[in-house]
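**Q** Sequence:
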Amino acid sequence: MASLKWLARVGRPRTFPIYKSITTVGRAGGNDVAIGESKMAEHHAQVIFDGRDFQLAEVDRVADIQLNGKKKRRGKLEHLDRILLGDVELEFRLLDDATHVGDEDATDTTQAELEGLRKLHEFSERLMQARNIQELLEALMDKVIEATHADKGFLVLLPQGSATSADRPLEPEVRVARRIRQEGLPDGIRHLSDSILRKVVETRRPLIVSDAMRDSQFGASESVMNLRLSSVMCAPLLAQGNLLGLIYLGNDHVVNLFEEASLDVLTIFAAQASLILQNALLLDQLRSDRDELSQQLKDRRFGEIIGTCPSMVEVFRKVEKVAQTDISVLITGDTGTGKELIAREIHQRSHRAKGPFVVINCGAIPENLMESELFGHVRGAFTGAVATRPGKFQLADAGTLFLDEIGELPINLQVKLLRALQEKTVMKVGDSRPERVDIRVVAATHRSLEEEIRKGTFREDLYYRLNVVNLHLPPLRDRGDDVLVIAKALLSKYGTELGGKVRGFTPNALIAIRKYEWPGNVRQLENRIKKAVVLCDKTLIGPDDLDLMPESLQPIMSLAQAKEDFQRRYILEALERNNGNRTKTARDLGVDPRTIFRYLEREPGIVEPDPDLAGLPSEPPLRGGPA
19 MASLKWLARV GRPRTFPIYK SITTVGRAGG NDVAIGESKM AEHHAQVIFD GRDFQLAEVD
79 RVADIQLNGK KKRRGKLEHL DRILLGDVEL EFRLLDDATH VGDEDATDTT QAELEGLRKL
139 HEFSERLMQA RNIQELLEAL MDKVIEATHA DKGFLVLLPQ GSATSADRPL EPEVRVARRI
199 RQEGLPDGIR HLSDSILRKV VETRRPLIVS DAMRDSQFGA SESVMNLRLS SVMCAPLLAQ
259 GNLLGLIYLG NDHVVNLFEE ASLDVLTIFA AQASLILQNA LLLDQLRSDR DELSQQLKDR
319 RFGEIIGTCP SMVEVFRKVE KVAQTDISVL ITGDTGTGKE LIAREIHQRS HRAKGPFVVI
379 NCGAIPENLM ESELFGHVRG AFTGAVATRP GKFQLADAGT LFLDEIGELP INLQVKLLRA
439 LQEKTVMKVG DSRPERVDIR VVAATHRSLE EEIRKGTFRE DLYYRLNVVN LHLPPLRDRG
499 DDVLVIAKAL LSKYGTELGG KVRGFTPNAL IAIRKYEWPG NVRQLENRIK KAVVLCDKTL
559 IGPDDLDLMP ESLQPIMSLA QAKEDFQRRY ILEALERNNG NRTKTARDLG VDPRTIFRYL
619 EREPGIVEPD PDLAGLPSEP PLRGGPA
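Our numbering applies: residue 19 is where the sequence shown begins, and numbers increase by one.
Heads up, a few of these hints could be off.
Simulated pairs of lysine-lysine, DSSO-like, Cα-Cα distance not exceeding 30 Å [what the hints assert, rightly or not]: (1) Lys170 with Lys217; (2) Lys217 with Lys336; (3) Lys519 with Lys556; (4) Lys372 with Lys410; (5) Lys442 with Lys339; (6) Lys434 with Lys372; (7) Lys473 with Lys533; (8) Lys372 with Lys339; (9) Lys57 with Lys170; (10) Lys549 with Lys581; (11) Lys533 with Lys519.
It should be emphasised that the hints constitute simulated quantities derived from the structure, not laboratory data.
Kindly generate the complete structure, drawing on both the sequences and the hints.
**A** Structure follows, in structure tokens:
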């Protein structure tokens, strides 16, 4: 049954059922809805039901009628329309949730709470359909306004560290401003009382102001007087002890509108709003982190490679120069530093980019099959050769051939590789006809080829053929903050690919990532992050998820040990530059030759005792070093 609810200025709302085709409203006692207010005309208006719709129509042409804040003489009524007849505010409801006139107990605390829970249930259903956070918050405010009979409501955010002292402004941000009929309210900040907001912020407790203009605490407030407030209710939005903001409800026409039951309803909605806001703020932070990471990657990315440390910048500079030529490049560096990525980048930036990029791992193919893999074979060349097959050289024609781990190539095949590079022709195993190929060769190794040459396991002429330009990739431990950007980029990639719920790293995890030595370099970091994304049950990865416990981190050495290590490395470097001449090295460093020998004797296999030094007086150690 339809009804009119009188939102009286004093006391609880009263409900009048509409059960006739024409229901009269006025001050006179003969009206169907008789309300004895001074500004109400004796026969003010009538509600007409034509079997389908309800219409509001004037009776007294002089009487003031407003429908949803607009002056009307006649208008169609819809559920929750607000009607103002003189100074009497009514709410039209298609479905009556109260009993007849005089049954004031029907609006008791239990009913108000049930109404609030019903609205909360309706909002929960809306929650499943909402597309964004703003839509959710607007839906929540619409329901709380409807449940408490307010005529406007605001969801206010407070910046972190917002001031609460009397001499500093609150600086609130109105995230949502709504009024009845589920409409937005422009310029919401001007409708708020600063003194009421401040009181709730200071106490962190909900507050009801029944008649703001006559309230002993707030009646003298400039904002209350300027706004001519009547009923106000405000509740804090708290999440894990943090004050996120406030819900502020008001009605400027009815005093004593809000009761304790209304405050209970508001508290329930405030808890729901706090949860939504907390998730929204977390989402905003994640989006901010994502945007920041994207910008960092944009600034630090060189193709598929990430890095801004000076050594990597130098590598990028060389790549840009050598990519446009067919000059041979040797890429060196520890395992897992990204040598293949650099090789691909050279290919992508060259005039051969539209040609093939062919990779062969010289350490992964058995020696007896290596020649066939490189140059191909003809049918019947050996047992199992059932068909003629091209090798990697032929497949890379007009493109780039990447010889990974070239230091593993057997010595007997190095001769054939050198011939192929010099003559640009290859011959299949079992064939007598050479084939011309147009390729560019990029090689890579984690070994020291100079040392392999000294051992006799790598040909010096091949080394100089391959090492026209050397690109050395530093280990991850020497690349500073690059490791953090790489870790975040890998987490973003595998978090999406593997479908985990992980969204970031804890601060301690980032510290551990930065401190760890990463002997396996980027490949090890990548594998640890993959594992954490799959196995971690939290939204943030911690050090334990990456197996980075305190005992796995490199201990900090003493200053004396650090000085000793530096001096030893510096002496060995100077000795190498002087081709092992200890006398010249000692002269360049300004020390006695015996000091050089003292450091060298700690390096097994580097130097034997020099009989020429026997009998010389000892030299004090280098300044700053241990005695």
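**Q** So, for every hint listed, does it hold in this structure?
**A** Evaluated hints:
1. Lys170 with Lys217: At roughly 20 Å apart (the allowed maximum being 30 Å), Lys217 and Lys170 satisfy the hint.
2. Lys217 with Lys336: Cα-Cα ~65 Å, so violated.
3. Lys519 with Lys556: OK: Lys519 and Lys556 at ~7 Å, within 30 Å.
4. Lys372 with Lys410: 17 Å, holds
5. Lys442 with Lys339: With Cα atoms ~23 Å apart, Lys442 and Lys339 stay inside 30 Å; holds.
6. Lys434 with Lys372: Distance ~28 Å between Lys434 and Lys372 Cα, so the pair holds.
7. Lys473 with Lys533: 36 Å, violated
8. Lys372 with Lys339: Given that 30 Å is the threshold and the Cα spacing comes to 19 Å, the pair holds.
9. Lys57 with Lys170: Between Lys57 and Lys170 the Cα gap is close to 24 Å, so the pair holds against 30 Å.
10. Lys549 with Lys581: 38 Å, violated
11. Lys533 with Lys519: 26 Å, holds
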